[in-house]
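Number of protein chains: 4
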Amino acid sequence: MRKMKAAVYVRPGVISLVDKPIPTAVPGSVVVRVTTTTICGTDVHILKGEFPVDAGRTIGHEPVGVIAEIGAGVTGYAVGQRVVVGAITPCGQCHTCLDGHQAQCGGKAAGGWRFGNTIDGCQAEYLLVPHAMGNLEPIPDGLTDEQVLMCPDIMSTGFGGAESGGIKIGDTVVIFAQGPIGLCATAGAKLRGASLIIAVDGLQARLDVARTLGADVTIDYTKSDPLTEIMRLTQGRGVDVAIEALGTQATFEQCLRALKPGGTLSSLGVYSGKLSLPLDAFAAGLGDHRIVTTLCPGGKERMRRLMNVVASGRVSLESLVTHRFKLDEIELAYELFANQRDGVLKVAITP
Amino acid sequence: MRKMKAAVYVRPGVISLVDKPIPTAVPGSVVVRVTTTTICGTDVHILKGEFPVDAGRTIGHEPVGVIAEIGAGVTGYAVGQRVVVGAITPCGQCHTCLDGHQAQCGGKAAGGWRFGNTIDGCQAEYLLVPHAMGNLEPIPDGLTDEQVLMCPDIMSTGFGGAESGGIKIGDTVVIFAQGPIGLCATAGAKLRGASLIIAVDGLQARLDVARTLGADVTIDYTKSDPLTEIMRLTQGRGVDVAIEALGTQATFEQCLRALKPGGTLSSLGVYSGKLSLPLDAFAAGLGDHRIVTTLCPGGKERMRRLMNVVASGRVSLESLVTHRFKLDEIELAYELFANQRDGVLKVAITP
Amino acid sequence: MRKMKAAVYVRPGVISLVDKPIPTAVPGSVVVRVTTTTICGTDVHILKGEFPVDAGRTIGHEPVGVIAEIGAGVTGYAVGQRVVVGAITPCGQCHTCLDGHQAQCGGKAAGGWRFGNTIDGCQAEYLLVPHAMGNLEPIPDGLTDEQVLMCPDIMSTGFGGAESGGIKIGDTVVIFAQGPIGLCATAGAKLRGASLIIAVDGLQARLDVARTLGADVTIDYTKSDPLTEIMRLTQGRGVDVAIEALGTQATFEQCLRALKPGGTLSSLGVYSGKLSLPLDAFAAGLGDHRIVTTLCPGGKERMRRLMNVVASGRVSLESLVTHRFKLDEIELAYELFANQRDGVLKVAITP
Amino acid sequence: MRKMKAAVYVRPGVISLVDKPIPTAVPGSVVVRVTTTTICGTDVHILKGEFPVDAGRTIGHEPVGVIAEIGAGVTGYAVGQRVVVGAITPCGQCHTCLDGHQAQCGGKAAGGWRFGNTIDGCQAEYLLVPHAMGNLEPIPDGLTDEQVLMCPDIMSTGFGGAESGGIKIGDTVVIFAQGPIGLCATAGAKLRGASLIIAVDGLQARLDVARTLGADVTIDYTKSDPLTEIMRLTQGRGVDVAIEALGTQATFEQCLRALKPGGTLSSLGVYSGKLSLPLDAFAAGLGDHRIVTTLCPGGKERMRRLMNVVASGRVSLESLVTHRFKLDEIELAYELFANQRDGVLKVAITP
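Chains as they are written, first to last, in full-length UniProt numbering: chain A, 1 to 351; chain P, 1 to 351; chain H, 1 to 351; chain X, 1 to 351.
What the hints contain is simulated information worked out from the structure, not anything from laboratory work.
Do not take every clue at face value.
To be verified - Chain X is faced by these chain A residues, among others (derived, beta-carbon under 7 Å):
1) Val53
2) Phe159
3) Gly170
4) Gly193
5) Ser195
6) Val217
7) Thr218
8) Arg305
9) Val309
Beta carbons are placed, not taken as given, at the ideal position from N, Cα and C, and that holds for glycine.
Bound conformation, chain A alone:
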């Protein structure tokens, strides 16, 4: 049996590179040789033991690669084809998928998120892709791996936050936190026609990137109070849509306080501990507020659309790749990324 390198979760605090058998394409699935992948904030939650996965699970859900083996029943693809696969791999055929909630595939919360969670992921040399007919999307000619590396997760998630927020032309939108997902939400807000986009973070470098992706105004919360600034910028009106991209009580609450009556809080964060709704900001329930959460939309149609956005030049996220590592060095990559050292935004990992 041929072996490959894979980064697996061992125990809280430890992700290690180990040898594993190369997967075989069972019916309906495809094996992809990973050419580039990356590390996500969620992987750090796993590393820290905050989001439990089985010991031995290969981590990673952001694959770019080449088809290596095609299982029975999968048609329309060829070995050697370059493909992107979404972080979320819906089956497309369960009640929940057919009801339009593909990310909750199987009717389980986050059930569509399989890679590096309930099955082996892509921080490895090879990846077994289930429900391949619905999840493999060829990469358009002329696009590099790094150009499409953000499609599987952060671009899909960030844009999803803008989409679920129901942004309309001329809206004012604030995005709290400008990590990779918040930056993509900023880009998404611009794509949907917001005319005043306010990005909030505590790191000037991230706010600088936010400006290149669509932010009209940036607020460094270590220097000024976001709510005071937002109310000044909106003449006391509040924002139409507030996007939460961190997953903390503080940012969730500030989002709610920033909203106009009738506004929408679009939440992307993964929360831990406790989350409360301040009733004054929530107008005791009388403010026609909406709170919507969005898990990364997946499936090959989503990937096709996102790569088209890249190909058209509408949004360029390559600059988010601040560091590059070989798969062999992935433990170093985790160390850098988990500690947000050296201005890291996203790392590219190449097996």
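Based on the hints, put chains P, H and X in the right spot on chain A.
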């Protein structure tokens, strides 16, 4: 100056019937002689001092009456015409109304709710209706006052909870609390095509009414655990839409726990104290949940539609009127209603 | 090789019962033994040669049956299970399905409609169901074949017309033509909360059924002019939604003329010949009109929802079955149905 | 009585500059001194007698100006304030406005379009604005008249075509005709996140402008066949949304033929003569197509949003002003504009 009787807020715990001048129709407004009105749960919050209004404010926001005087600039109406006016009286011309958030008129939370809150209300012999062109709707021939008495608030609010929930044909919907608004939400869920409607309350009499309005299953939470029952009824799937119609942490939380991944919590309650989101039920933010709040939709078009629902016989809410009082007896009516004595659901007050 | 009886299209004017091999379950598919099926207006179009299919194609797309054989890769089902399969069998995994247009599966117009069109259908003893994981729905205990016989097509289509029309609570809706699909659209309009439902047809017997399914008013167009009546009933306002359920220029045009400015024409008909938009009724393009067409929604989640509507007693369509035939007699059944003899609405065919 | 200059419709072929009394602000209205206005294609239809208005009617519906007099009951504005008023002036208080169809104000087709149609318009020195509270929007500091001159009509209409089309991130959109409204639709498609925008026209100069506003590909229909090109560009898939911005059978039909199954035809044109739906392109009604028409959205909230889009620099339409005239020269301006001489796109008229 002619005088009239009016029920005014005096101080926490005291609403008294006093003499006040009959209002005069200023430009754009109309004076309505109130023929029937009622008491709302919100009025009880005001009585208890939990929802502050100015001392001396006439209470009440559910008017049925007859046009007594028409102000300058108001056309298309005649003195003597029987009309219903919504609890919420949007101006129709501010930025917020034109943006589709009429209940938040003027851009202030609940800004469209004026009667018995920011201006004098209708627990009186006469009522001054602002923005009359957008808010007066003639009562179709053949409908009695009591048949349309629920249109201004509870029917509009309850149906609104079903509408905002985005109920689809074949949905399973649970409604927590079967007070007047919850009962209307139950009726609204049926009107939108839910095929399994579960009503929860602790009073059998209310659950019995819920059955007549559309509930397929009722759960007395004093006798069995709602969540266990809901999961059994849905084969563990959870409900598509959960409607909160009480305004407590317990019911809000049970709504969230009852939801399927991808489901919607439609909140109608007025909350006080604290409100927290249990993160397990909220899937840490990954469950594609939506939480929407709805303040009573107002305006004459809404009233026209609701009265058509009554006229067509689709929904009959007359049976909710369990007690009748003269305006002179309103203090007794408050005593009964605030203490939920004698199986009271709604009272009819006639000046 | 075992043989079965099947009704196949031979040439224009001829559908014959022939012997065919019983299909075998290939991977991803299931063979269903048909217990009850029916004939659709579209089958009559095929019979007449107006809608071309290959000679030798088994006709029929409304199956109720029992699982006879399960192909590789299909899990969660058992031989002997009673199931309903939609007329439309989306794959769930192509770009078009994942984009939410399952009825246009594969990106081809009406591509999701396979049975009796591009593959063999169900007017036979056995049926091969492709994409079985997404298309087989078990029948809830206690429901008879005839109770669920309308789910695969006319109930899904008719309800779909009401859903696509965007009916709101209190809407006025007219449905032109009260054949089986128009009757289901009438029932669907009621399920969505319309408060005035106007059914138009030229046969009193069909108008009588319309009343039992939700029509408040019926118009026999042989006796009075529908538009005059509609404008009288709506005080000149026009209807909010007009549903076309026949597929002719005359009914399409009357739908458009019946609409209010801002109204929606929801089209279910299959048109032949020419179709023109009268510009006066279309307000030269300035009337904010919407014209939407809906092909029968399919997939197992849709079937689950529709059977729940039946199980809850919300809508009962058994009375639409006016005649019953053995599969051996199907040529007689076509003769009756195609000529709309003897008050036929739908026939039940049992192999 | 003070007089002013006004361009009035006299008879087919004749619009003349005449003297008229300066209007007086009746209650609820405001008089605006017009500082800049323009000519619309619809005005040319009026000039040619194709769209009937009363003889003597002052033409024009695209006003930028300064408040000159404020009527009783209008608050929150000041004489001397610079304002924009939409071409459509909804009352905000009728059933139709409250139902969300403000452009059809009063329930009449195009009822919200009053200026230069049912009341005097703005090709004059002064303009009486009805329902002023809902229709006057102050111009943000720093914006010139010409920067906001497209807001009242073509920007609102063109963006409206993109909005009504339901464009999603990653959509392919074609816009047929790149006159002023088509160009704005092109800009609108980009604002909503389309990733492939195809602009079709027969004038290279207009296609060049289309590129600056968001078109990725332009097709000169005099040189190549649009449908062949569109199918090539979309790999035979068809477009998600096709926007019709001319008002002819040919472009309407090409839009329909360009659509994917499940696609939307968003129509902005004003049609005359006949309009037919080719049934092959319409898939005989089975293609889940949608056809939506959009009349220019009006009201002050819309103007606020559009001016914010201008202020943010998202879209710049100043370059559409190709020619400038004094009001005294308006007959020359009509002569140029009606004959599309000298590469004219829009003219600025200054009283």
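To see whether the hints hold, each was checked on the structure:
no., hint, verdict
1, Val53, "31 Å, violated"
2, Phe159, "6 Å, holds"
3, Gly170, "3 Å, holds"
4, Gly193, "4 Å, holds"
5, Ser195, "4 Å, holds"
6, Val217, "10 Å, violated"
7, Thr218, "14 Å, violated"
8, Arg305, "3 Å, holds"
9, Val309, "5 Å, holds"
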